Amino acid sequence: MNPSVHQISREIDARGSFCPGPLMELIRALKGATIGDTVAVLSGDPGSATDIPAWVRKARHELLGVEEPGESVKRFVVRKSR
Amino acid sequence: MKSGNGSGQEKFALIVENGTVDKLMAASILAAGAAAMGKEVLVFLTFGGLMAFRKGAMNAPMVLPNEFQGMEQHLAKIMREKNVPHWLQNFQQAKEVGEVKVLACGATMDMFDLKRDDLEPIVEDVVGVARFIEVTEGAQILFI
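Each protein sequence line maps, in turn, to chains L and R. According to numbering that gives the first Met the number 0, the first sequence is numbered sequentially starting from 0. According to numbering that gives the first Met the number 0, the second sequence is numbered sequentially starting from 0.
Bound conformation, chain R alone:
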């Protein structure tokens, strides 16, 4: 990870704070699109977003926001029919097509007693807020 702007590559950062499937899907597609378009993508996982990346994410139950409560089965059916990929697959594809780093928030790790080993291997490193601010210097930053 570079700090400063020596590389000239545009940076695109996402703070994924929420673990509902709609937000994870959106974040994963944005990450994939940005990576495809040559941005250096930094994904910072915190709170619910980080919890969603615990091992077994592919098979974990879908969490929907309040207004869609009770629609899990219906949505699962639509997603199967329309071949919608799992958000974790989108993040993995994002890594295949471009430069993507997935980082875990140290505070959340601490709060929930999480270890690196509890997380999906796509999560590359654990960082604190100052380091996040450093590596996202000059980046477009989205909070999801």
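Next comes chain L alone, as it looks inside the complex:
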């Protein structure tokens, strides 16, 4: 699997986690993170593709990028902004 182009504080593998799992794992990880930390979530769940960006917009963090490190896997890279 290809690594991220971003500097990541913590990567969560939520592959195999069923909706709304990956989003919930991201939220939990960000709660425990420090402002400025970068958290990445790996997900194969199709709902995440729209859920995670929508939540990041609403929660006012920063979506640094959405990568495709492997087949049917997306990596969502989020910086905790507040």
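Keep in mind the hints are simulated off the structure, nothing from the lab. Quick caveat: nothing in here was measured; it's all calculated off a predicted structure. From the three backbone atoms N, C-alpha and C, an ideal C-beta is built for every residue, glycine too. Some clues are possibly wrong.
Unchecked claim - Per the computed footprint, the stretches of chain L lying under chain R, defined by three or more beta-carbons under 8 Å from a beta-carbon of chain R, are: (1) 22-36; (2) 58-68.
Said to hold, decoys possible - To give an idea of the chain R side of the interface with chain L (calculated C-beta under 7 Å), a few residues: (3) Ala35; (4) Met36; (5) Arg79; (6) Val83.
Unchecked claim - Stretch-level coverage of chain R by chain L, calculated; a stretch enters the list once three of its residues show a Cβ under 8 Å from a Cβ in chain L: (7) 87-100; (8) 129-137.
Use these hints to put chain R onto chain L, whose structure you have.
Okay, now just chain R, sitting in the frame of chain L:
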């Protein structure tokens, strides 16, 4: 619970009237999504929906709607394979990520002689319809 709209937070209410697993799953995912997106979520359990929240919900047999009768084992297998969480776990996760209140309908409690203690601890309070209408003022309300 606030009544009126002093807080400015959008409210999202679900009336869960049915205890079949498909509806409970849908309700639980909607509650989790709404909570994640910063809504104040109010879940009002009535009739079959409330009965599903009796203690031991995690291990209670899955109830399917008529068109899926006989498919319980098949569905249970799919859910295991795909790591589908139990709907009660989704409601619990919803509480972790945002503001969620689970309320029981007083009429249903009365009809089936239920006590607070018969219900899963996630159920926070017993209310009547007027109180429900009061606390959901300004809310989007879904009947499931």
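Subject >> Which numbered hints fail >> reply: 2, 5 and 8
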